[in-house]
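Just so you know, the protein sequences line up as chains B and Y, in that order.
Numbered by our numbering, the letters in the first sequence go through residues 9 to 118 in order.
Numbered by our numbering, the letters in the second sequence go through residues 317 to 431 in order.
Don't read these hints as lab results, they were simulated from the structure.
Among the hints, a few may not be true.
[As the list claims (entries may be wrong)] Derived pair list, reagent style DSS-like, types lysine-lysine, alpha-carbon separation capped at 25 Å:
{"id": "1", "chain 1": "Y", "residue 1": "Lys368", "chain 2": "B", "residue 2": "Lys105"}
{"id": "2", "chain 1": "B", "residue 1": "Lys105", "chain 2": "Y", "residue 2": "Lys352"}
{"id": "3", "chain 1": "B", "residue 1": "Lys64", "chain 2": "B", "residue 2": "Lys77"}
{"id": "4", "chain 1": "Y", "residue 1": "Lys387", "chain 2": "B", "residue 2": "Lys34"}
{"id": "5", "chain 1": "Y", "residue 1": "Lys338", "chain 2": "Y", "residue 2": "Lys383"}
{"id": "6", "chain 1": "B", "residue 1": "Lys110", "chain 2": "Y", "residue 2": "Lys368"}
{"id": "7", "chain 1": "B", "residue 1": "Lys78", "chain 2": "Y", "residue 2": "Lys338"}
{"id": "8", "chain 1": "B", "residue 1": "Lys34", "chain 2": "Y", "residue 2": "Lys338"}
{"id": "9", "chain 1": "Y", "residue 1": "Lys357", "chain 2": "B", "residue 2": "Lys110"}
{"id": "10", "chain 1": "Y", "residue 1": "Lys360", "chain 2": "B", "residue 2": "Lys110"}
{"id": "11", "chain 1": "Y", "residue 1": "Lys368", "chain 2": "B", "residue 2": "Lys34"}
{"id": "12", "chain 1": "Y", "residue 1": "Lys325", "chain 2": "B", "residue 2": "Lys34"}
{"id": "13", "chain 1": "Y", "residue 1": "Lys352", "chain 2": "B", "residue 2": "Lys34"}
{"id": "14", "chain 1": "Y", "residue 1": "Lys383", "chain 2": "B", "residue 2": "Lys105"}
{"id": "15", "chain 1": "B", "residue 1": "Lys78", "chain 2": "Y", "residue 2": "Lys325"}
{"id": "16", "chain 1": "B", "residue 1": "Lys78", "chain 2": "Y", "residue 2": "Lys383"}
{"id": "17", "chain 1": "Y", "residue 1": "Lys356", "chain 2": "B", "residue 2": "Lys110"}
{"id": "18", "chain 1": "B", "residue 1": "Lys110", "chain 2": "Y", "residue 2": "Lys387"}
[What the hints assert, rightly or not] With beta-carbon atoms standing in for the labels, derived distance ranges:
{"id": "19", "chain 1": "B", "residue 1": "Asn26", "chain 2": "Y", "residue 2": "Arg412", "range": "21 to 29 Å"}
{"id": "20", "chain 1": "Y", "residue 1": "Ser336", "chain 2": "B", "residue 2": "Leu69", "range": "31 to 39 Å"}
{"id": "21", "chain 1": "B", "residue 1": "Asn26", "chain 2": "Y", "residue 2": "Lys357", "range": "36 to 44 Å"}
{"id": "22", "chain 1": "Y", "residue 1": "Lys356", "chain 2": "B", "residue 2": "His65", "range": "41 to 49 Å"}
{"id": "23", "chain 1": "Y", "residue 1": "Phe358", "chain 2": "B", "residue 2": "Thr92", "range": "35 to 43 Å"}
[Said to hold, decoys possible] Which chain Y residues stay away from chain B? Per the calculated CB distances, all over 10 Å, these:
{"id": "24", "residue": "Leu359"}
{"id": "25", "residue": "Lys368"}
{"id": "26", "residue": "Thr419"}
{"id": "27", "residue": "Ile420"}
{"id": "28", "residue": "Val430"}
Here the structure is a predicted model, which means the values were calculated and not measured.
Idealized CB from N, CA, C, for every residue including glycine.
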Amino acid sequence: SQQGEEDPQALSIQEGENATMNCSYKTSINNLQWYRQNSGRGLVHLILIRSNEREKHSGRLRVTLDTSKKSSSLLITASRAADTASYFCATYDRDDKIIFGKGTRLHILP
Amino acid sequence: DTAVSQTPKYLVTQMGNDKSIKCEQNLGHDTMYWYKQDSKKFLKIMFSYNNKELIINETVPNRFSPKSPDKAHLNLHINSLELGDSAVYFCASSQRGGLAGNTIYFGEGSWLTVV
């Protein structure tokens, strides 16, 4: 079953602008992770936020978690061309199996 | 050094053939996975092995058979390939204990095209 759902499916912004992606999930979680996938490559882990955390930063990335709404957001500030990629949220289900959302395709325009 | 490596990267083959994709990880992880990513980028887990033992086997046709000769290797063999098998197959690994938030490390993918 699908656990995480990203929104929007696709996003195009100008270089230098901020990009925000959202993820909604269905069941209770211990943690939520965000991954990036560049075209033609494998997924790369970006950041993890635990269920008792509300916000976490890593460089230009800011992740928020609202467990009451079962949602998370990923903010990329001052976007660069190299940020063009697909972004996935991931959670673990009750069988300890990680499940990925469908991803948000981010395109940074020059 | 590549952490998770899989071969081949590209594979074009005819319907009905049998093919294998090999995967190796040098991270010392206990758990390895195979994922399938379709043309819409949807990533779905197929199998998970922990210390050579199968722990997750999703609803996958039995034409797909994983084999783990040791905990650093997880190969995927596919019999009687069909057009619908065309996809990108990702091998991955992690320490066990997803609820603890272990990171999954992915290989670069194997692009399978069945013609």
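Which numbered hints are broken by the structure, listed smallest first? 4, 6, 7, 8, 11, 12, 15, 16, 18, 19, 21, 22, 23, 24, 26, 27
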